[in-house]
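Since chain A is already given, all that's left is putting chain B on it; use the hints.
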Amino acid sequence: MRGRATAAAAALALVPGAALAHASQRAVLLTLPTKGFVWAAAIVVALTALLSGVTRRGPAFEARSLFSRPRLCPDGLTSWLSAAVLLLLVYAGLYGTHDPYRNPLPLWIWTVLWVGLTALQAFFGNLWRDLDPWRGPVRACRALLGRTGGMGLARLGQWPAALGFLAFAWFEIVSLSPDDPAELALIVAFYWLAIFLLAVAEGEGWLRQGEFLTVFFANVARIAPFWADYEGRRVTVKAGLPGAQVAGLPPLSGSAIAFLMLMIASVSFDGLHETYLWVAAIGLNPLDYPGRSAVMVVNTAGLLAAWAIMAGLICGAVALAVRAERVTLAQILGPLALSFLPIAAGYHVAHYLTALLTQGQYAIAALSDPLARGDDLLGLGPHWVGFGFLTDHDAVWRIWILQFAIILGAHVVAVLLSHRIAANAGLRLTPWREMPLTLLMVLYTCFGLWLLATPAIG
Amino acid sequence: MTKGLTLTPTRRTVLAGMGAATAASFFPGYTNAQSSEPIRLGFQLHRTGIGAAYGRWYERTATAALARMNAAGGIGGRPVEILFEDDGTDPARGAEVFGKLATQSNCDLVFGALFSHVVIGTAPRAAELKVPYLVCSEGHHVASGMLNRWTLQPGITDVKSQVQAMAPFVTSNLGKKVTMIFPDFAFGHDHRDYFTAACTAQGGEVIAQIAIPPTETSFTRYFPQIPAETEVIYHVMVGPAVLTFVKELGEFYGSGARPQLFGFIDSLEAVDINSAGLEFLDGSHFWEAHPRYKQADASEAETAYRAAVGVDDNGASVGDAADVATYSHMFSVWETLSVIKAGMEAAGYTGAADRQKLVEAIEAMTGFEEGEDHPQGAKTFNGKTHQAFGIQNITKVEGGRLVVAHTASVEDGMYPDEVDYTSQNF
Chain A
1 MRGRATAAAA ALALVPGAAL AHASQRAVLL TLPTKGFVWA AAIVVALTAL LSGVTRRGPA
61 FEARSLFSRP RLCPDGLTSW LSAAVLLLLV YAGLYGTHDP YRNPLPLWIW TVLWVGLTAL
121 QAFFGNLWRD LDPWRGPVRA CRALLGRTGG MGLARLGQWP AALGFLAFAW FEIVSLSPDD
181 PAELALIVAF YWLAIFLLAV AEGEGWLRQG EFLTVFFANV ARIAPFWADY EGRRVTVKAG
241 LPGAQVAGLP PLSGSAIAFL MLMIASVSFD GLHETYLWVA AIGLNPLDYP GRSAVMVVNT
301 AGLLAAWAIM AGLICGAVAL AVRAERVTLA QILGPLALSF LPIAAGYHVA HYLTALLTQG
361 QYAIAALSDP LARGDDLLGL GPHWVGFGFL TDHDAVWRIW ILQFAIILGA HVVAVLLSHR
421 IAANAGLRLT PWREMPLTLL MVLYTCFGLW LLATPAIG
Chain B
1001 MTKGLTLTPT RRTVLAGMGA ATAASFFPGY TNAQSSEPIR LGFQLHRTGI GAAYGRWYER
1061 TATAALARMN AAGGIGGRPV EILFEDDGTD PARGAEVFGK LATQSNCDLV FGALFSHVVI
1121 GTAPRAAELK VPYLVCSEGH HVASGMLNRW TLQPGITDVK SQVQAMAPFV TSNLGKKVTM
1181 IFPDFAFGHD HRDYFTAACT AQGGEVIAQI AIPPTETSFT RYFPQIPAET EVIYHVMVGP
1241 AVLTFVKELG EFYGSGARPQ LFGFIDSLEA VDINSAGLEF LDGSHFWEAH PRYKQADASE
1301 AETAYRAAVG VDDNGASVGD AADVATYSHM FSVWETLSVI KAGMEAAGYT GAADRQKLVE
1361 AIEAMTGFEE GEDHPQGAKT FNGKTHQAFG IQNITKVEGG RLVVAHTASV EDGMYPDEVD
1421 YTSQNF
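Chains as they are written, first to last, in this note's numbering: chain A, 1 to 458; chain B, 1001 to 1426.
Derived from the structure by calculation, the hints contain no laboratory data.
A portion of the hints provided could be inaccurate.
Quick look at which bits of chain A chain B covers, simulated, 3 or more residues with Cβ under 8 Å [stated by the list, open to error]:
1. 98-111
2. 163-172
3. 274-286
4. 332-344
5. 380-388
Reference excerpt, derived from the structure (chain A facing chain B, CB under 7 Å, subset only) [stated by the list, open to error]:
6. A27
7. L30
8. T31
9. T34
10. D75
11. A154
12. R155
13. G291
14. R292
15. T391
16. H393
17. W397
The structure presented is a predicted model; accordingly, all values stated were derived computationally and were not measured.
For glycine and all other residues, C-beta sits at the position ideal for the given N, C-alpha and C.
Excised from the complex, chain A in its bound form (with noise of 0.2 Å):
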């Protein structure tokens, strides 16, 4: 069945039709000047790499402890209460309304918590780690089964965490209904269940590398300017510059460098295969596109080409930035690839900033009326849901202002950082040396504004 529908929707542009390509927010984009902005972006960029390396001063990237507080609730305690939430959630996915948009399930998988908990973690830090399902069952069942020690799975570093992820950023991409209630409600429930049976075998410890959103978040919060630290029964609530706890973390391992890449390719990926540039190399007309059951072969492969040149293009960058110092790529790789941190967390804050603006608020609906039977508990009032801004000239113009100012300052930040990083790994990288990596970071920062605002599908 599925088989005929694509042959007849691929039959479409031989039959008459209405076509309803929406004029929506780049439409309005499309009449500003943001190529202004990208170039401005670029040499801003450029000029601070320049400047750093020729100056050899950078801001500190210092700690400061604002304050301490003994925990106020048991460890463990908020990770049962998130796995019960998780389990609500899934029960509304399998019997909850069809309709994703009130749904409370896909708003919080999609926007609550990949939009919105990851906006939060980028500037409050790793409010994940008291919020994962996982931690206090997993804890409680191995202390029930008198279990200690593991299975091995820690040998394999982040890469189960990589694939899973890759799993994810497919399914959001790339398959047909990521949005399906009770299809999500199945894979959630499954993943949850799979990374439970696994670290019960292995140690809650594990989750830090082989669960991916356990991951994911943890590399979002090392950017944050705020950050709790735990020690024992006490937390210490630390400030300091973006890219403060990225300075003295340890190198990345292989397979964190990776994780790392995909974290970068993916988000830029699901900005890219919805552009005219892609849908038309891939041979279709953004003005009629076919929808995803079309384009799901192509954009898997995309998807994986991504990872691949993203990875490549750093590699390369790295090798030649320090081909002629005493070091190995694999010994100077891990300590620089952490100068990509702000990248990768920027350009999903500024990438899904629409969707939180728009998604967002099905899910504050979605919260007052949880029953999907018409009710109003948050007393928001009749069609509270408005994307008028969408269209509006002026909230079009902070939208954009707003992204800019992400992803210019997510690469400010990592040139500096990449910068610091060298010097104390003992590199002294000249600004002409060192000149395939700024190179780099500059064409990033180009591609992730010029992805937000060339012309797009949807």
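Showing chain B alone in chain A's frame:
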């Protein structure tokens, strides 16, 4: 700008939010427990994908129409419920959710799809499962005969009829020498072919056809192709570059004399006509099925419909004055639901076994009176071609509003039958 999103997030609020959601999400949504035997209507909703901007308003219209219908006693005294399934604006997914609605959710019929490729991808499934499929698509594919007996379009006219109905007004009032600017694919070609034929029949002449590649985002270099003797520019650009198109056309002509402009509101559906860059459209004309701005002589039915779907006098959401509705298309959902009610009551519909009777009852209909069931206007229905024909409006941009300048009659949009579905087997 975006109300309700002034979050001041802290660790505590995140946890509090999760706690609230724990309580709030405990019993997920059911709406169907009131009656033992409600009529269940499946809705194929463009909730995600490229049709999402339309889907949002289609869902809103369907929900409003349902509330009105149930308040008035439902269908044949039975309550009605609508089950929404997201088709992702994808034909394969469309066929899939059609099957889910028909077989798993036991819906009596499925309606609501707009995008042509979804309709064309789903219609075979409707015939296979023998479940009525009422589309709100505007495409000519129903009346052209390419679909099947189970697929009907009683709630909106098709693009061939719409385009044809414009020709008498354009040639009589705006000018006889027309230059067409359209995107170079099937949609644009339909406009080119239908309008050129209709214009010629009215004594006009299409003196230039400028096809723009679909990926084009700047148009200035095409404008010199517009012949100097052009009296009317007929434009049907769509997609994100449409504001750029209007802006550049304005820059091309400057403040000097320009031809009359005639366009289809599809280009600017859900976009404020007063958006920056659209000033050049002042004084130009648009096709609108259902005028976005409430007209001075609006009927009571029109007023009631606007209130029910939560759209203000300017065509925007009552909750967000900048959120312009897909007003020229969404009435089709409301009117299709009215046809479903009339059809089921005429057929004495009791359950799935009567699905064929329902199709036959709709085929037997000849037209719909203007009124609260059909606020867009009176229509005739051709049971053989499964297609509705109705009035079309031509509105003029005046003082930042779209004001009706002419209403084309139902007859202006009629054309010879291209199929007789009633001769086909179920």
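Hints, verified against the model:
no. : hint    : result
1   : 98-111  : holds (count 8)
2   : 163-172 : violated (count 0)
3   : 274-286 : holds (count 4)
4   : 332-344 : violated (count 0)
5   : 380-388 : holds (count 9)
6   : A27     : holds, 4 Å
7   : L30     : holds, 5 Å
8   : T31     : holds, 5 Å
9   : T34     : violated, 12 Å
10  : D75     : violated, 14 Å
11  : A154    : violated, 29 Å
12  : R155    : violated, 34 Å
13  : G291    : holds, 3 Å
14  : R292    : holds, 5 Å
15  : T391    : holds, 5 Å
16  : H393    : holds, 4 Å
17  : W397    : violated, 10 Å
When the structure is compared with the earlier hints, violations turn up for hints 2, 4, 9, 10, 11, 12 and 17 and for no others.
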